[in-house]
Every structure is written in structure tokens, then in C-alpha cells.
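Visitor: The residues making up each chain are set out below.
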Amino acid sequence: MRRVSRTLRGFAAFWWDFIVGDDWRIAAGVVLALAGTAALVRATVPAWWLVPAAVAAMLALSLRSATRTGRS
Amino acid sequence: MRDLLLVFSVFAACVVEAVEALTIVLAVGTTRGWHATMRGVAAGVLALAVIVAALGPALTVIPLNGLRLVVGGLLLVFGLGWLRKAILRASGFKALHDEAAIFARERAAAEQVGFSPGLFGDSYAFTLAFKGVLLEGLEVAFIVLTFGANQHSIPLAAIGAGAAIALVSAVGVAVREPLAGVPENSLKFAVGVLLTAFGTFWGVEGAGGHWPGADLALLPMIAAVLAFALGAVWWLRRAHAAQFAGPRDPATTPVGQVR
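Protein chains in written order, with numbering that gives the first Met the number 0: chain A, 0 to 71; chain B, 0 to 258.
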């Protein structure tokens with residue numbers, strides 16, 4: 000049982016590292032930006048600008064955080 | 000004349016798709032190694048062949064936008080991660096050449112708890128190459144089917160697509176060697192820029208958005224991401240210089256706030 004639990008934890012940890020990486024806020028921001036784009040498209044509002052704007056904001060915030068806290 | 004136009008149209012459309020796939024494969028192969036990348040390419044081609052053989056003309060029922068959304072989102076997450084690290088390295092806040100050590104450490108940690116991610120070697124390289132080849136390959140198959148069906152000549156459309164793929168593959172082999180001479184972090188920086196731009200482009204399309212200028216929007220997108228990243232490096236270099244200003248022994252000067 001403990002072995003299964005360890006394997007599952009290792010599996011989850013690998014995929015978390017693999018997909019989310021160093022800064023979980025980037026992954027969360029990407030999901031939110033794409034969801035926001037889909038919502039704007041449904042509302043028939045031009046939506047192409049949202050992801051580029053979110054990318055710029057996320058990268059700037061992540062870099063700021065990394066250089067201030069040393070979490071690089 | 001109509002047949003020639005069909006072949007040329009399919010050729011031109013497929014060159015665009017093949018160049019997109021090649022860009023990702025070259026970028027990943029040059030920075031992360033060719034072994035896992037080529038396995039990813041082979042797996043992508045195999046998956047594509049299975050899908051095309053199984054579905055045939057019914058291929059057009061695959062929700063391409065859903066695939067673009069997933070692939071675009073993942074490329075964007077990976078691309079931003081690469082770009083973030085490359086900017087921190089270029090500005091001095093992070094040590095150079097640490098990627099391999101980090102990868103080995105993470106892999107060892109995963110294996111220690113009983114999970115072995117090493118089936119395909121470097122999972123990042125494998126996945127990126129696989130996704131790039133599968134998505135672009137599906138787009139090529141769509142082009143062949145739609146153009147070919149409209150003109151009642153799928154074999155001719157397939158010839159145009161085959162020629163495009165052969166040409167782009169030959170270019171890829173030719174530029175592989177010169178790319179190997181480019182400094183490692185510069186390549187990683189370029190890969191981060193490309194993955195972020197492609198991820199943004201596909202993600203928006205997958206979410207149902209439309210780019211002004213369609214596929215041409217990719218070029219200004221790449222330029223904009225590059226300009227932003229270079230600006231960030233310039234800004235952070237100044238911040239790093241200010242943070243570590245003053246007389247110090249070069250042998251003990253820290254690279255930055257790296258743990």
C-alpha cells in the first residue's frame with residue numbers, strides 16, 4: 000500500500016514538475032488567459048490580444064518575483 | 000493547369016505547416032539533444048500515420064481547435080518557462096549550464112520514489128517534438144484532404160504535400176550543423192521565444208480567436224516576444240549590476256540569487 004502511494008506521489012510530482020515547472024502562476028495564468036479568450040470569443044468580442052497581454056504580464060511578474068526572492 | 004495550381008497551392012500551404020514543425024524540432028533537438036527529439040518525431044509520424052490510416056477522409060471530424068488549444072497551452076507554459084530561465088541566465092541572475100543538472104536531479108528524484116519517466120529519454124524533448132509533428136502533420140493531412148477533395152484529386156494534393164515535406168526536411172538537415180555552433184543559452188533563449196510565440200498563436204486559435212492577418216501574425220508575434228525578452232534582459236542586467244555593485248573578488252562574486 001505504501002509502495003503504491005509512493006509511486007502515485009512520484010508520478011504526480013513528475014507531471015507537476017514536467018507541466019507546471021518552476022512557477023505555478025505561469026501555468027495558472029495561461030489557463031486563465033485561454034479561458035478568457037474563449038469567453039470573449041463567445042461574446043463575439045475580438046479576443047486575439049488577451050493572451051499576448053497576459054504573456055507579457057505573467058513573464059514580467061514571474062521575473063520580478065524570481066529576482067527579488069531568488070526563486071529562479 | 001488546374002492540376003498544377005492544385006499541386007502548387009497544397010505545396011505552399013504545406014511548406015508553412017512543415018516549417019512550423021521543423022522550427023520546433025530543430026529548436027528542441029539543438030538544445031536538448033537529438034536522441035529523444037528524433038524519438039518524438041518518429042512517434043509523432045507513427046501516430047499521424049495510424050490516425051490517417053484509421054480515419055481516412057473522416058479525419059476532418061477531429062476537433063482541430065481542441066487540439067490546438069491543448070498543444071498551444073502546453074507550448075506556452077513550456078515556452079514561458081524556458082524564456083524565463085534564459086532571461087535570468089542572460090542577465091546574470093541564474094547560473095549558466097544548469098539545465099542538465101536540474102533535469103538529472105528531477106529525474107533521479109522521480110525514480111527514487113518508484114516512478115521512471117525515462118521511457119523516451121528526455122521527456123521534454125520527446126513531448127515537444129511529438130506534439131509539433133503530430134499537430135502540423137494533422138494540418139498537412141487536412142490540407143491534402145480538403146484541397147484534394149475539392150478538386151477531386153487527393154493523390155495530386157498528396158504529391159504537393161510530399162514535395163513540401165521533403166524540401167523542408169532537407170533544409171532542416173542542412174541547417175542542423177551550423178545551429179550546433181550557436182552558444183547554448185542563446186539557443187535556449189531563441190527556443191523560449193519561438194515556443195512562446197507558437198503557443199500564443201495556437202492557443203488563441205484553439206480558443207476560437209482569429210488573428211489579424213491569419214498565419215502571417217506569427218512573424219510579428221515572434222518579433223514582439225523577442226523584443227520583450229531582450230528588453231527584460233537589458234533591464235535585469237542593470238538591476239543585477241546595481242545589486243552586486245562595489246569592489247569584490249571575481250573568484251567569489253556570486254552569479255546572482257541562485258539557490
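It is possible that part of the hints are untrue.
Derived coverage of chain B by chain A (criterion: at least 3 residues anywhere in the stretch with Cβ under 8 Å from a Cβ of chain A; other residues may be distant) [stated by the list, open to error]:
1) 44-54
2) 66-74
3) 207-219
4) 230-240
Since the hints were made in silico from the structure, they are not lab data.
Keep in mind the model is a prediction, meaning the values are calculated, not measured.
The beta-carbon is built from N, C-alpha and C at its ideal position, and this holds for glycine as well.
Visitor: If you count the residues of the segment 44-54 of chain B with a beta-carbon closer than 8 Å to a beta-carbon of chain A, do you get 3 or more?
Guide: violated (count 0)
Visitor: The segment 207-219 of chain B covered by chain A? Criterion: 3 or more residues, Cβ-Cβ distance below 8 Å.
Guide: Since three or more residues must qualify, the claim that chain A covers the segment 207-219 of chain B holds, with 6 doing so at under 8 Å.
Visitor: Taking a Cβ-Cβ distance under 8 Å as contact, does the segment 66-74 of chain B have three or more residues in contact with chain A?
Guide: Coverage by chain A holds here, the residue count being 4 at a Cβ distance below 8 Å.
Visitor: Cut-off 8 Å, C-beta pairs, minimum 3 residues; does the coverage of the segment 230-240 of chain B by chain A stand?
Guide: holds (count 4)
Checked against the numbered hints listed earlier, the structure breaks hint 1 alone; every other hint is satisfied.
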